[in-house]
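Sequence order for the protein chains is A and B.
To convert a position in the first sequence, counted from 1, into my numbering, add 14.
To convert a position in the second sequence, counted from 1, into my numbering, add 14.
Treat the hints with care, as some may be off.
Copies of the same chain are indistinguishable here, so a pair counts whether it falls within one copy or spans any two.
Stated by the list, open to error - Subject to a maximum C-alpha distance of 30 Å in a straight line, what follows is the list of computed DSBU-like cross-link-like pairs (lysine-lysine):
hint : residue 1 : residue 2
1    : K236      : K132
2    : K186      : K284
3    : K132      : K195
4    : K19       : K164
5    : K164      : K37
6    : K37       : K271
7    : K417      : K401
8    : K101      : K37
9    : K132      : K417
10   : K430      : K409
11   : K186      : K430
12   : K430      : K60
Derived from the structure by calculation, the hints contain no laboratory data.
Below, each chain spelled out in residue letters.
Number of protein chains: 2
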Amino acid sequence: MTPVKVGLLGLGTVGSGTATVLKRNAEEIARRAGRGIEIDFVSTSKSELPSGLGLANSRISADPFDIVNDPEISIVVELYGGDEPAKSLVLQAIDNGKHVVTANKALIAKYGNEIFAKAQEKGVIVAFEAAVAGGIPIIKSLREGLSANKINWLAGIINGTGNFILTEMRDKGRDFEDVLKEAQALGYAEADPTFDVEGVDAGHKLSILSSIAFGIPLQFEKTYMEGISMISRDDVNYAAELGYNIKHLGIARRTEKGIEQRVHPTLIPKRQLIANVDGVMNAVLVQGDAVGPTLHYGAGAGGEPTASAVVADIIDITRALTSDPENRVPHLAFQADALSDTPILSMDDVESAFYLRLSALDEAGVLANITQILGDSSISIEAFIQKETKISDGKADIILLTKLVNEGDMNQAISKIEALDVVSGAVTRIRVENLS
Amino acid sequence: MTPVKVGLLGLGTVGSGTATVLKRNAEEIARRAGRGIEIDFVSTSKSELPSGLGLANSRISADPFDIVNDPEISIVVELYGGDEPAKSLVLQAIDNGKHVVTANKALIAKYGNEIFAKAQEKGVIVAFEAAVAGGIPIIKSLREGLSANKINWLAGIINGTGNFILTEMRDKGRDFEDVLKEAQALGYAEADPTFDVEGVDAGHKLSILSSIAFGIPLQFEKTYMEGISMISRDDVNYAAELGYNIKHLGIARRTEKGIEQRVHPTLIPKRQLIANVDGVMNAVLVQGDAVGPTLHYGAGAGGEPTASAVVADIIDITRALTSDPENRVPHLAFQADALSDTPILSMDDVESAFYLRLSALDEAGVLANITQILGDSSISIEAFIQKETKISDGKADIILLTKLVNEGDMNQAISKIEALDVVSGAVTRIRVENLS
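Okay, chain A solo, but in the shape it has when bound:
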């Protein structure tokens, strides 16, 4: 059988990784797919392609639209990232009846509903395993491997840079800013690190996971996102003292009122396997009603790990080329006409436990005042630590762990605590999840 012809949009880290993997494992891949896979056309501003990538016979063009409009190409692999020109290219490729593989989480999170509708209309596949958690086959596991289950919740470490920073802060007692600079120097974090450390990247990925777990349309705009820039070394240490690690989690949970979709730093008991996922690694914990908990762990970024997912999608499409479109795995796991309108909850309606850290004058009655405020809002205290008073300012750190409370109630109580004369500065507030 003639090889499947692929057009590659972008030859950066993931694009080069994709070409490298397809070349190095060509024999292995053909034995699996039953057919060769050939990168026939590459978009690049360069006048020739780098050697060693097996692209000696590939055509090149500086205009990516040449590729999506080329009649020879069956599968377009979009690796530009971001909104444009990625979105126009993908829509044009679909319009031309081509299948698409993309690693672009922002594109799928923001425009996936529109893109999948068009793909369905044209009978083509848009595959996006590489958009979430790099090489971990989590999209496939949720859409197919766990398809018997009603998913109750999932929680993921889905941004490697953030996890690297928190791991270094804990293991080496370093400060956030310091580690962030190293991550940038190592090439983990973007020069503008906002997407990583403010939770936007994780938010894109979580909204995709949430959609395929619960059968709801993509709703990135309703995702709550909180970053890790306010986490101090003290918080990391106090959490450890209480038996927790702090992780930047994306959490999606089905409740009776609607769906929680939130990204934020979270205390997790150290005994949980996912609390021990360190460095740049990613992991997603999924709770299904039949299977119970499953954990999916691996490299969440990098050229070849992401290429692993891109190429797996290409192989899947190669195998599915002759199957009837209506019998394929639906883009969002559930049939397009069977998505549900379960609402995404506002954070005020989300219930969780909290870690609170505050600095207070070491005076009689301080603790009584604080516990009074919490008690008035029916917030129970699970654990409490008062650290030694600092001689410099006569203040002491007070750390509290609460039981489950509505976030709206917690925020009101925090405002009251911050208004106390003896309490200085803001109360640091980190959510706690037992994940069991």
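Put chain B on the given structure of chain A with help from the hints.
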């Protein structure tokens, strides 16, 4: 579209779980599959089916061949386990052009090559996700999710009973026999526990994983299997002292000489995530050349977790009903005519590090004798502990960790050590893997 009609062979734990999941999640499953799934025919010796399983309209027969020969049935689900009548039923179902889902690892490990050849001839699918690691979608991850990779090795905790026993021995200082009795009482272990504790069950599963990872025919008969019954509480404690947990692992590794396929107790560094997979849980660590390490964790047994895999397979088949047989995912991950004849290595040719424990008289020169023997075989020592001499017999436990050595050489050296007058009894020998 009319529902797909399923025939269920066996209504034990997994059969009841399958019916329960299909009933409870019927709406969710139909939204995913695009079509309902109905258990139309059940084989049971009872005159009526238990209520509450959604089987009120199902036909029943005491003769399972009535089901595999029934023209209404599209998918036969075989949950008898063991060799016969499972094998004859599956072959007959295939002969009749029916797709098959099975949770039967012994059947696939021993007769898979024959079964898949017949399935290919007839153009039907035999799906067996439930045969390995229960609800963890590890077959799908290896066959599809990681299909871009050359798999270098995999290592799995794939027998929950064995892992439960080792966890209890470590955490509660209990003896093997004692925990085994509890596992039997809890229903984890079979009344005849040989399959669990002697590694046969794990051997069945490992030979399946090895085949789909490396593209070789199933070769259960060449799998090396060693159980956990010789592991003592002392070994568990000494391993912990050295920074290791003992796990019963199935390991498949590609080497230049051939493929290692072995099941045995193994020391793993505690810092490894898989070393912390405890109790009845399963996990498989896979090392791919592009993706790096991925870990797949979840429940390896039990009614609903196993049903999760069975039902996912039914959904996959439902979706694939109209696709061309030659474009489906191959049974053993690689196209049937592209399997390789890479040999499975004999254990003598397998290289690993070793933990050795021996009891010796506390005399001058004992250690010199032992290290001399190891040195003569070019076996380097990585760590060494001599415990206190017991007053009762004047003997002391000596524990050694070696560096990498060929198993054949290790066995020869052990024979020489055991022949020393000052060494009493056999040398306990456990392999060590760093899994990195």
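Against the structure, the hints come out as follows:
no., hint, in the structure
1, K236 x K132, "within (23 Å within a copy, 51 Å between copies)"
2, K186 x K284, "both (17 Å within a copy, 20 Å between copies)"
3, K132 x K195, "neither (42 Å within a copy, 60 Å between copies)"
4, K19 x K164, "between (38 Å within a copy, 22 Å between copies)"
5, K164 x K37, "between (40 Å within a copy, 12 Å between copies)"
6, K37 x K271, "between (50 Å within a copy, 24 Å between copies)"
7, K417 x K401, "within (21 Å within a copy, 47 Å between copies)"
8, K101 x K37, "within (28 Å within a copy, 41 Å between copies)"
9, K132 x K417, "neither (46 Å within a copy, 59 Å between copies)"
10, K430 x K409, "within (19 Å within a copy, 69 Å between copies)"
11, K186 x K430, "neither (35 Å within a copy, 47 Å between copies)"
12, K430 x K60, "neither (60 Å within a copy, 66 Å between copies)"
The structure fails hints 3, 9, 11 and 12 (numbered hints given earlier, in ascending order).
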